[in-house]
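Peer 1: Sequence:
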Amino acid sequence: MRGGDGLNPGVSGSGARIRSEVRTIQPQKTAVRRAAVGCAVMAATQRATTHSADVVVVGGGSSGAAVAGRLAAAGVNVLLVEAGPDYGPFGSGRWPKEILDATALATSHDWGYTSGPLPGRAPFTWERARIMGGCSAHNGAIAAVGHRSDYDAWGVPGWATDELRPFFAAALAAMRVRAYQPEEAGPFHARCLVAAETAGWRIASDLCDLDANESFGLETVNVFEGVRWNSAFAYLDPVRDSGHLSIIDRAIVDRVEETATGAVVHAVVDGQPVTIGGDTVVLAAGVYGTPAILQRSGVGDPDRLRRVGVTPVVESPLVGSNLHDHPMVNAGREMVDDLRRAIEHESARGFVPEEQTLGKSRSSLATDGLYDTHLFPVCASTQTTLTDGRALVEVACMTPRSRGRVDIVSPDPEAHPHIDHAYLTDPDDHDITVLRDGLVLAEELLSQSALADVLLPEPARDLSDAAIRRDVMHYYHPVGTTPMGVDPATSVCGPTGHVHGMQHVVVGDVSLMPQVPRANTNIPAVVIGERIASFLLG
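So in the numbering used here, spot 84 of the sequence shown is number 90, and the numbers just go up one at a time.
In case anyone wonders, no lab produced these hints; they're calculated from the structure. Mixed in with the good hints there might be a few duds.
[Said to hold, decoys possible] Simulated DEER-style distance windows between Cβ atoms:
hint, residue 1, residue 2, range
1, 472, 55, 49 to 57 Å
2, 91, 465, 41 to 49 Å
3, 509, 409, 24 to 32 Å
4, 121, 91, 25 to 33 Å
5, 344, 114, 29 to 37 Å
[As the list claims (entries may be wrong)] Here are the simulated EDC-like cross-link-like pairs (lysine to aspartate or glutamate), alpha carbons at most 20 Å apart as the crow flies:
hint, residue 1, residue 2
6, 103, 231
7, 103, 133
8, 103, 116
Built from N, CA and C at the ideal position, the CB exists for glycine as well.
Work the whole structure out from these sequences, hints included.
Peer 2: Structure, rendered in structure tokens:
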């Protein structure tokens, strides 16, 4: 297990958690700095509706917690605003079991984003966590970094791979990332390793390698003693008692507006309006939430804003554009009873997650010689969110070219935005071709004797365009809706995350990514938080 980096996990106090009593934020370094904080159980005459801090961070997820924690650790007074509940430090005893349990995905704290009815297929459900720690509190705890070429290709000053390496190291340490060991592999995943080696894969001991190419191995994960180690534990717990961090949870952020000296966040807490001022506001509300806040603030395409009743303030047509994810399909088999019983037996004895192995491979379109496909075996003894009671190999296109949009439908902050991922719509059919090639590789893996002996045979999978379009799913890695760059004509934010046309508003989450890396995006999201904090600290 990788060690700590000064943000040591453990039981600490609750910090200035703004929900159940009045607190006074620590005296600040600039002009208007002292503010009492509101309370759900107080009389209206006692409720304070205005707060302030040096930096206001909107969103306590994978990126936002990292931004807030690093700034507070450096002595900056931070007010963190989160839409979901904050259950306190790791040792508080208040965190729900399903959030802590790393053996399966949690669905109890979700925004409930969906596509609505779609012709010819089931609606999409886009899981996004509504809880302190964000998606790191409910995901598969897979810790991946992608390939160095991903970040170099962004072409954004300050974001080249060699510049990011210290931040990757810090994120991996804070998130307690480690690789599963061979003795930890469950019955299905142990066989996957044998099958992959038989099929000619290079078996890697550490998949968290920015310089490595094709390989198969046991996953690297942010799992500590069976606990899904989320960004709140990693970054907030060490500073909850520092006097530099205050938290407002269960807050719906409406919009942000700039003033002569800073920016003000307008939010709703317990049905009451709240304003929060800061020298800088960092938006880390996620790939759907961050562009929605900007659009409600009048930042976006003027025509789109007027159509939903918002007065344009800053013309930035690309806000909400460039939405993309790794599209995914799967190949699967029913398990024989012996394998099911073996998994049940191992699960009864201890920690056996349904995701433990991962393969990186090339499709016929990988002309740069780098992997562009994930093969992701998944298996559990019973029906779960992922498996439907079957052994699966999920196949993901890691270099997607299809692009969609996120747009608000009204000025109401409670209204979900319209989300259109536009999967498999790139004009050259790149994405669907990569998926088809990946399904062939998945069937090859499943046909190896190590797996074929414990899985029931099935008819060959339909590889037609129609079947893949019908079955395509998301890989839980949406990014890109406020892309960064140097030129305001082709980006929403500059290299330091500042929104073009605004002096005091910064984006600090995966919305900044011009192109998704070849990785599960949780660790890259944390790295973005680390990097934005470093820019703010100078």
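Peer 1: Take the hints in turn and mark each one as holding or not.
Peer 2: Okay, the hints, checked on the actual structure:
1. For residue 472 and residue 55, the Cβ-Cβ distance of about 55 Å falls inside the hinted range of 49 to 57 Å, so the restraint holds.
2. At roughly 47 Å, the beta carbons of residue 91 and residue 465 sit within the given window of 41 to 49 Å.
3. Residue 509 and residue 409 have their C-beta atoms about 29 Å apart, which keeps the hinted 24 to 32 Å range intact.
4. Against the hinted window of 25 to 33 Å, the Cβ-Cβ separation of residue 121 and residue 91 comes to about 26 Å, which satisfies the hint.
5. Between residue 344 and residue 114, the C-beta spacing of about 33 Å keeps the proposed range 29 to 37 Å intact.
6. Proposed proximity of residue 103 and residue 231 is supported: the alpha carbons are some 14 Å apart, at most 20 Å.
7. Distance hint between residue 103 and residue 133 is fulfilled; the C-alpha atoms sit about 19 Å from each other, no more than 20 Å.
8. At most 20 Å may separate the alpha-carbon atoms for a hinted pair to count; residue 103 and residue 116 meet this at roughly 15 Å.
Against the hints set out earlier in the document, no violation occurs for any number.
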